[in-house]
Every structure is written in C-alpha cells, then in structure tokens.
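Peer 1: Here's the letter readout for the chains.
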Amino acid sequence: MSKKKSSSSVRKLSPAGHRWNVASRTVLAVAGGYAIAAMATASLSLALPLPRAQAVMAATLFSFALYCALIIWAYSAGTARRAWFVSALLAALPAGHLAMRWATT
Amino acid sequence: MNGLGFRQANSWLHTWSGLLLGWLLYAIFVTGALSFFRDEISFWMQPTQHASVAHADAPQRAVDAMQAMAPDASLWSITLPGPRNPTTQVRWFEQGERRSKFGGQSVVLDGTTAQPLQVRESRGGDFLYRFHFELYGMPRLAARWIVGIATMMMLVAIISGVITHKKIFVDFFTFRPRKGQRSWMDVHNALAVLALPFHFMITYSGLLLLMFMLMPWGVDGAYGGDRQAFFSERGNRAAASAPAPSTDKVPADLIAVTPLVRQAQAMWPSGVEQITVTDPGTSHAVIELRERGAGSLLDRGRSERLLFNGASGAPLESPDAAKPDAFSAIYNVFSSLHLLRFADTWLRWLFFIGGVLGSAMVASGMVLWVVKRLPQRRKQGSHLGHRVVEGLNVAGIAGLPVAIGAYFWANRLLPVSMQARADWEIKAFFLAWAACLVHAWLRPHRKAWKEQLGILSLLLALLPAYDLLHGGGGLLAALTRGSWVAAGMDITLLAFAALSAAGVWFLRSDRAKTSKRPAAASEGMEGVSP
Numbered sequence: 001m002s003k004k005k006s007s008s009s010v011r012k013l014s015p016a017g018h019r020w021n022v023a024s025r026t027v028l029a030v031a032g033g034y035a036i037a038a039m040a041t042a043s044l045s046l047a048l049p050l051p052r053a054q055a056v057m058a059a060t061l062f063s064f065a066l067y068c069a070l071i072i073w074a075y076s077a078g079t080a081r082r083a084w085f086v087s088a089l090l091a092a093l094p095a096g097h098l099a100m101r102w103a104t105t
Numbered sequence: 001m002n003g004l005g006f007r008q009a010n011s012w013l014h015t016w017s018g019l020l021l022g023w024l025l026y027a028i029f030v031t032g033a034l035s036f037f038r039d040e041i042s043f044w045m046q047p048t049q050h051a052s053v054a055h056a057d058a059p060q061r062a063v064d065a066m067q068a069m070a071p072d073a074s075l076w077s078i079t080l081p082g083p084r085n086p087t088t089q090v091r092w093f094e095q096g097e098r099r100s101k102f103g104g105q106s107v108v109l110d111g112t113t114a115q116p117l118q119v120r121e122s123r124g125g126d127f128l129y130r131f132h133f134e135l136y137g138m139p140r141l142a143a144r145w146i147v148g149i150a151t152m153m154m155l156v157a158i159i160s161g162v163i164t165h166k167k168i169f170v171d172f173f174t175f176r177p178r179k180g181q182r183s184w185m186d187v188h189n190a191l192a193v194l195a196l197p198f199h200f201m202i203t204y205s206g207l208l209l210l211m212f213m214l215m216p217w218g219v220d221g222a223y224g225g226d227r228q229a230f231f232s233e234r235g236n237r238a239a240a241s242a243p244a245p246s247t248d249k250v251p252a253d254l255i256a257v258t259p260l261v262r263q264a265q266a267m268w269p270s271g272v273e274q275i276t277v278t279d280p281g282t283s284h285a286v287i288e289l290r291e292r293g294a295g296s297l298l299d300r301g302r303s304e305r306l307l308f309n310g311a312s313g314a315p316l317e318s319p320d321a322a323k324p325d326a327f328s329a330i331y332n333v334f335s336s337l338h339l340l341r342f343a344d345t346w347l348r349w350l351f352f353i354g355g356v357l358g359s360a361m362v363a364s365g366m367v368l369w370v371v372k373r374l375p376q377r378r379k380q381g382s383h384l385g386h387r388v389v390e391g392l393n394v395a396g397i398a399g400l401p402v403a404i405g406a407y408f409w410a411n412r413l414l415p416v417s418m419q420a421r422a423d424w425e426i427k428a429f430f431l432a433w434a435a436c437l438v439h440a441w442l443r444p445h446r447k448a449w450k451e452q453l454g455i456l457s458l459l460l461a462l463l464p465a466y467d468l469l470h471g472g473g474g475l476l477a478a479l480t481r482g483s484w485v486a487a488g489m490d491i492t493l494l495a496f497a498a499l500s501a502a503g504v505w506f507l508r509s510d511r512a513k514t515s516k517r518p519a520a521a522s523e524g525m526e527g528v529s530p
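Top to bottom, those sequences are chains X and U.
Positions 1 to 105 (the working numbering) are the ones given, in order, by the first sequence.
Positions 1 to 530 (the working numbering) are the ones given, in order, by the second sequence.
Source of the hints: derived by calculation from the structure; they are not laboratory data.
Here a beta-carbon is modelled for each residue, glycine too, at the ideal position from N, C-alpha and C.
Heads up, a few of these hints could be off.
Stated by the list, open to error - FRET-style restraints, in silico, Cβ to Cβ: (1) Ala92(X) x Gly224(U): 42 to 52 Å; (2) Pro51(X) x Lys427(U): 42 to 52 Å; (3) Phe430(U) x Ser14(X): 37 to 47 Å; (4) Ala92(X) x Lys427(U): 22 to 32 Å; (5) Ala99(X) x Arg7(U): 33 to 43 Å; (6) Ala91(X) x Arg176(U): 42 to 52 Å.
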C-alpha cells in the first residue's frame, strides 16, 4: 500500500504506523460513518417540517449520500485524529437531538 | 490520508474500495445487465415455445381455453402475448385456494392457437435476476446485506473516482493505445465517464431498493418500529377490489372480452398486459384489465386498471391511485429506472448497454490494478497476493460469462424429463465457474485469459448453431417468422462471441509486439509467468 508522499510538511509514518492509520480510518469510515448516518436519518425523520412519512422518506433517501461523504472524509482528512474529531462533532448534533427526544418521552 | 492531498487520498480510496469487492460488483453488474432481458432470456430457455406467434384474437381465445380447462376456478389470470414474450401465460386458482403469486395451476398457451405448450423445468432468466441481488445458496437476508454493502462500496468508488480525475472530461477524449498501464487507464476513464449518469443512477437506486433493510432507523425512530403503519401512511398501496355486489351469486355466462380489450387498447397505447377474472361463470364475475407498461414514473410505473362486471359488461369503478408526495416520487422514479418494468425495447437495450459498460468499467479497473503493479513484480519477483488477484481477475471477468454460457448449454443439453432439472442447470453454472477459477491459477496468467476467452467465444457462438440443427430452425426460422425475441437472443450471443474472439486476437497480437521489444512498456495483460 505504499503511496507517493507529496507533502513534506506532514510527518511520514512508519509501515506499522501506516497500518494503524489505515485501520483507524477504516473503523471510522465503516462503523462511525454508518452510526452517524443512522442517527442523522432517525433525527431528520423526526425533525424535518414535513408530514411524518415524507420526512422518513426524505431522510432515508439522503442517508446514503451522507454515508458516502463521511467515508470519503474519513480517508481524506489530513490526519486520522482530525478525521475522528470532526466526525465526533458531526455526530453530536443528531445524537443530542435523539437523546433529548428520548429523555422527554 | 496522512501526507496525501485530497485527490490522492481519493485515488487511494478508489483503488482499494474498488478492488476489495470488485469481483462481486462485476458479477452483480453482469447478471443485473442480463436481468433487463430477464423475460426474453426465460423465453429463449423454453425452445418448444419459440414458434408461438401473438394473434390479435389471443385474449378471447385464452378466455375460451380457460373456460374449457378450469370452468370452476375462483380466479383466472391471463398474461397476454406481448413484445417480450409471444406466448399466453395463464394461471388459475381452485375455489378456496390461497391466491399467491406463484401458487395455483399454470400453463403456457400458444399465442395463436391457445393450445398448451410444453414447458421444460428451468429457472430461466429468473436465476440470473435473483443472483444479481440475492446470490445463491445462502440466506436471502444475509445475501441482500452483502450485495447492499458492495453497492455502497460502488457508490464510494464512483464518487472518489470522479474526485480523482480533475480533468474528467479531457480524460474522456484521451486514448493512448498500446501503452500498457496508460491505455488501461484511458479505457477505464472512457467507460466510466461515457455512462457516468447510468452508473450513478443504477448504484444509488440499488441502495434505495434495499434502503428499508440497510437504513431502517428513520422508520423505526418515527414509527416505533411499526413498518406497516409507515407504508400505509405513505399510502400508495390502494387495494384493487371491486365492491361486493348486493345480489346472490348465480351461474351466468361470461361476456366476450374482445370488445372490452378493444376499449382498453384505445386508451392505452401499449395495450393490455393482463386479464384477471374473479368468480368466472357466475353473476359476480369481475373482469379486470391491466395496462402494459405505464405512463408515469412518478407513481413507480403503476399500471392503470379497468374493471367490468363479467356477466353484464357494465364498467365498475376502478381504484384511484393516490398521488405520491415529492420524496416518494423521487424514490419511485429511481426504483422504476432500476427495475425498468415500464420500458420499451429500445430503452431496454440502452440500459443493457449501460450495464455492459458498467461491467467493463469494473473489469478494466481490476485489470489496471494488476497492470500497474507489474513493473514492481518484475523487479521483486512473484508475490502471492498479486497472483491471487490475477487468478480472481481471470475467473471473475472471463469465468463468469463462461459459467453463464454453461448454464445456457445445460438448458439445451439436459434431458427434458430429468429429475431436478432446473437445479442441474444451476449446478452447471457453478461447476463451470469453479473450473475457471482452478484453471486461472494453474495456467500462466496470459494463457489463462486467452484460453477462457476462447472457450467463451466457442460456447456462445455454438449455441445458435446448435439451435439451428435441433431447435426447430433456430435463428433462421425466427427471422423468417419475424420473432425478434428469440432472434435477438441468438444475435446477442453471436455478438458477444465475436467480442470475446476479439479479446483472444488482441492478446495474441499484443504478445508478438512485446516479444519484439521487451523493454517497451506495452505489457498489456501479460502476467508474471516465469
């Protein structure tokens, strides 16, 4: 999986470091991306100002585009830490919304 | 990725997401492209029905045949001859029998004489269609998840691939032949860009068709897990049922259907697809005519229906289709474009070609992976992972069509009276595929390509030849009858035979050049054989 290193400003990773880096991003992309997309779908289904069935349709239609964008972000962020941090920020919104709904009902 | 720019990171993602499930995606694309012609393939796999020709009186003759065969049935369902199948397919249910989609008694009638035709036990095009999203021999749900995950990876590969190529439209017009890796890159780009809207549409709609399985959290959250409530609230599932008549059921003759069919044909340009008669031979009989194809995709290509009292011929109120909301309409358009049940022959061909381009795009991407790593392999010697990918490439890309060819041959060669005949057709498919995999690893890489493409070419070219001798005249007879459904399949088989023969020829001529100038970079698909 060797790649041309184009930017010298970023520290080069050792082979083991590279493997951990890819593994970390893959976990974020596959599991984290799905979790965020799933929470966003559930949250938007409740929050969109549409009749309930239409809100569910709209949120679910959109979910795969969101998942795809999250996967691409997980691999293209400058560092794995940054990818995790921004994803966590993104997750906070639907997670907070769902937690509030759950607490009030 | 650390140390990589945005585009390079996407190039990395494109390479690895494409490779990991590439062979599965290729198989899904190939069997999916063939599924656009599912009915035509099923018909071709019933050679005893090929002489059937649709007749204008087919509706009335089919109803008369039903009156003779099943006068006391609770329901007749008559699928009329059409552009995709020139036979009449009838099904009936006895009194009290549950009316399921595949239950009851079914018979295939000649489109002109309405005499029963011999049916050989075969899954036909349905096997390829099911394989396309449920694979084979595994739990249906698990298979759909695997296909769903592969489809998601396809979406990621498409988007990251587009990001990788900044100059995507310039790349489209670039072709550098016989430059090894660069030629494969150009081919891959051209195939991808040429049908990019199709690739995106077919991938995203594939996800949408599985979306309530893959992403159920919206429904589950908003409806507390009650899917039924969601579907009825979305409300485009109006049940088609006539109001119960107030009078008692007494025996009564069924009126002639020809005038009703004429009336419907005047309204529907593509004609009537199906006649359903409930309680035939009684005063409660209801005749339902269903439109072939559909006018609008917004309601998922719903066909219109007309209902008549079967004893008096009086029109009954037809159920109104609910008008879908905007988001359901988006879903309906995408899923109709994927299922393509509404389409005429030309659009079907266009989508088939899209599917073939998609298959070729996936295949060229995987060949590119091998070719790109050749110089390194030459320097460092053979590598197990590289050899595995090479073998899988040959058996996946050339071996799958060989397996489909074997499936078609089994359909022709297995005795008609054989036990579990349909299963043996499918076994022939998998045995041939397994043989291709073993062959691909035993033979040197380039020879494996040439031999499998050669076998494929022979298998496909000889099928129409076999039918010419054994199948009641085959292609020539079909052309003289003007039966384009059967003839189209034979011509397509010959076209793909020619294409794979061209592949064999390409590999041979490329080899001659490479051996003349071994230092050149034009290695094509040459392997790492010692």
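Peer 1: Please go over all the hints and tell whether each is borne out by the structure.
Peer 2: Hints, one by one, checked against the model:
1. Checking the proposed 42 to 52 Å range against Ala92(X) and Gly224(U) shows it is violated: the Cβ atoms sit about 25 Å from each other.
2. For the pair Pro51(X) and Lys427(U), the beta carbons lie near 51 Å from each other, so the given range of 42 to 52 Å is met.
3. Against the hinted window of 37 to 47 Å, the Cβ-Cβ separation of Phe430(U) and Ser14(X) comes to about 44 Å, which satisfies the hint.
4. A beta carbon spacing of about 54 Å between Ala92(X) and Lys427(U) contradicts the range 22 to 32 Å that was offered as a hint.
5. The hinted window of 33 to 43 Å between Ala99(X) and Arg7(U) holds, with their beta carbons roughly 38 Å apart.
6. The hinted range of 42 to 52 Å is satisfied by Ala91(X) and Arg176(U), whose Cβ atoms lie roughly 45 Å apart.
This entry does not satisfy hints 1, 4, going by the numbered hints stated previously.
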